[in-house]
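> Could you put together the complete structure from these sequences and hints?
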Amino acid sequence: MIDLQNIHKSYKTGTNSLHVLKGIDFHVKEGEMVSIMGSSGSGKSTLLNILGMLDEADEGSYTLDGKSIRNLNEKIAAQYRNKFLGFIFQSFNLINYKTALDNVAMPLYYQGVKRAERTDKAMHYLEKVGLAQWATHLPNELSGGQKQRVAIARALASDPKVLLADEPTGALDTKTSYEVMELIQGINDEGKTILVVTHEDDIAQMTKRIVNLKDGQIIDDTRVQQVLAKNAANV
Amino acid sequence: MFNRDRWTEILEALNANRFRTFLTAFGVAWGIFILVALLALINGLRAGVSKDFGDFATNSMYVWTQQTSMPYKGLPKGRGFRFKLEDIQVLKDNFPQLTYVSPRNQLGGYQGSNNVTRNARTGAFTINGDYPDFIKQQPMDITQGRFISYSDIEEKRKAIVIGVDVVKSLYDKDEEVIGTYIKINGVNFMVVGVFQATNSDGNSEEEANSIFVPFTTFGQVFNYADNVNYMVATAEDETSITDLKPQILAKLREQRTVHPDDERALGNFDRAEAFGKVTGLFDILSFVGFFVGFLILASGMIGIINIMLIVVKERTKEIGVRRAIGASPWDIRSQIMQESLVLTIISGMCGVAGAAGLIWAMNYALDQSGPVDNFANPTVNIGIVLIALLILIIAGILAGLIPAMKATKMKPVDALRIE
Ligand SMILES: Nc1ncnc2c1ncn2[C@@H]1O[C@H](COP(=O)(O)OP(=O)(O)O)[C@@H](O)[C@H]1O
Ligand SMILES: [Mg+2]
Chain A
330 MIDLQNIHKS
340 YKTGTNSLHV
350 LKGIDFHVKE
360 GEMVSIMGSS
370 GSGKSTLLNI
380 LGMLDEADEG
390 SYTLDGKSIR
400 NLNEKIAAQY
410 RNKFLGFIFQ
420 SFNLINYKTA
430 LDNVAMPLYY
440 QGVKRAERTD
450 KAMHYLEKVG
460 LAQWATHLPN
470 ELSGGQKQRV
480 AIARALASDP
490 KVLLADEPTG
500 ALDTKTSYEV
510 MELIQGINDE
520 GKTILVVTHE
530 DDIAQMTKRI
540 VNLKDGQIID
550 DTRVQQVLAK
560 NAANV
Chain B
277 MFNRDRWTEI
287 LEALNANRFR
297 TFLTAFGVAW
307 GIFILVALLA
317 LINGLRAGVS
327 KDFGDFATNS
337 MYVWTQQTSM
347 PYKGLPKGRG
357 FRFKLEDIQV
367 LKDNFPQLTY
377 VSPRNQLGGY
387 QGSNNVTRNA
397 RTGAFTINGD
407 YPDFIKQQPM
417 DITQGRFISY
427 SDIEEKRKAI
437 VIGVDVVKSL
447 YDKDEEVIGT
457 YIKINGVNFM
467 VVGVFQATNS
477 DGNSEEEANS
487 IFVPFTTFGQ
497 VFNYADNVNY
507 MVATAEDETS
517 ITDLKPQILA
527 KLREQRTVHP
537 DDERALGNFD
547 RAEAFGKVTG
557 LFDILSFVGF
567 FVGFLILASG
577 MIGIINIMLI
587 VVKERTKEIG
597 VRRAIGASPW
607 DIRSQIMQES
617 LVLTIISGMC
627 GVAGAAGLIW
637 AMNYALDQSG
647 PVDNFANPTV
657 NIGIVLIALL
667 ILIIAGILAG
677 LIPAMKATKM
687 KPVDALRIE
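Chains A and B are the protein sequences, given in the same order. Residues are numbered in this note's numbering as their position in the first sequence, beginning at 1, plus a constant of 329. Residues are numbered in this note's numbering as their position in the second sequence, beginning at 1, plus a constant of 276.
Treat the hints as calculated values from the structure; they're not laboratory data. These numbers were taken from a predicted model, which means no experiment stands behind them. Hints are supplied without guarantee of correctness; some may be wrong.
Okay, the calculated bits of chain A under chain B, using three or more residues with CB under 8 Å as the criterion [what the hints assert, rightly or not]:
1) 374-384
2) 405-419
3) 427-437
We put the CB at the ideal spot given by N, CA and C, even for glycine.
Okay, here's the thing in structure tokens:
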């Protein structure tokens, strides 16, 4: 599903150049649930952004679902993002003047789906994250956990192949975090490929594979026994 | 492109900061309001002044005699002279382009000493000796009876046409006027018509206080013989009287044995030229109105550009989110363009509507108060409104262009990083 080879990325700030990713080789198969770990500043987000086509690598090759992602023009990139990828951000990034339902429906809007069908589908995903009765509420009327659920519903709405989550629980308390992880695990169980960036070990343990990043390189890549969030919450 | 979803998106976005949207919209509304109102006012002035030129045949000139300023063929300089009736025929024969040439004589004045009596009443009025053609050169409404006719001229009838104010001074209310007699300088005339001036060249009062006598009768009764005080010549529409003027004057000099270069011997007033000057002045005024209105509108446009830039900057993150979700640069750009366009057009419409309201109110007030000097019927033709709207549409597109370009210049990742 995801195939990264020798990915390099550096940031130029003034005269300095910060080499953040120094040759990443990384493969993810369909249906996997992978966490990317590492200390703050280790380049986790940079990697995820390249995977999400929000940013481009300086060097290396990237293949997503058999398609080479290299020097795509923005129009195609937008289509790929819409069709193949769903994003979940630490700060939710909902549009604050749109209702929960409209937020969820947005990827479908950019897909050109008709209004009625869009509302139907969006409602379906809101139900899936357990927020059907909050459909007409604006984001600022929702709790953090609820906002993240709306964001997850939005990420799912276009039925993407891969979910990319950058510290999805970073702004949530433990209990809410586990509830959100339970939801994400459920989505993975249905077969979706999921990548979660986190620096919290307990969250990482809830995935099936942990990739450790340090100094711009993968220093460790191990499969783990998945801890079910449902059980962790009861501890 | 403008489907219901887009509308919802646009209205949501504009609604998200209502006060600012309103202020921005106001700038444009104000600009187009000023533009349209200014043009309406100028049109009103133009219409008012044109009305003062009235129904006068504008392609006309007046010619009168003064004193010669050069000796010629044994005749001294400083000589006074008059046109003769035969000169009229000479002009008609030599200049087929002239539709009317009317000789005129005048006597007394409505502010002079009393020259008219009827029974016990007296009054001072201007007495004109005229040909029937004159009413075509200076139209007036005949409210009763008729104007002077050619048989009046041929038979030198003592028939007169009197102004409405003459009626007011000499008759009781509701008294029958036609067929009654009036004495002018002691001679009896029968009233055959009453007229009302349709124009007002600033002297409608004087006109309403005047009396028309057949030219031939005038000459006979008041001892003018075949002398002519002055004449009014009107050219057909295809020929400019101004172009014809030098030839006419030359012919008249020749007729009256005046040196061909003696400019001062003949006086003239060229109505076409005067009218042209006024029209030209208003063309300039209209241009100034357009220019000023456009500048104000331009400042409104800059307001929109400004606000759209701020909107784009404020919504950088939102734009990043939208792009992460799958919005193409075109989606983003077209939405910003459309927001700007909708904002411009709606506010522009409000401005046009406001101006239309003002114009309506002015027309209403004019209707209520009656005619006002130099101002009438302020209108802006639909063409100008359409042009204004076209300008608005272009302005809206232009105003959206820069912000729209800016909105997608950033990489999505950088846009998302902004707080
Ligand atoms: N746009 C940028 N410009 C310059 N430096 C950046 C930029 N984005 C990230 N960095 C730097 O790159 C390094 C890796 O950042 P990031 O991938 O966000 O780390 P993580 O998500 O693991 O905390 C950090 O040192 C960060 O300061
Ligand atoms: Mg990070």
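> Hint compliance check: list the failing hint numbers for this structure, sorted ascending.
none
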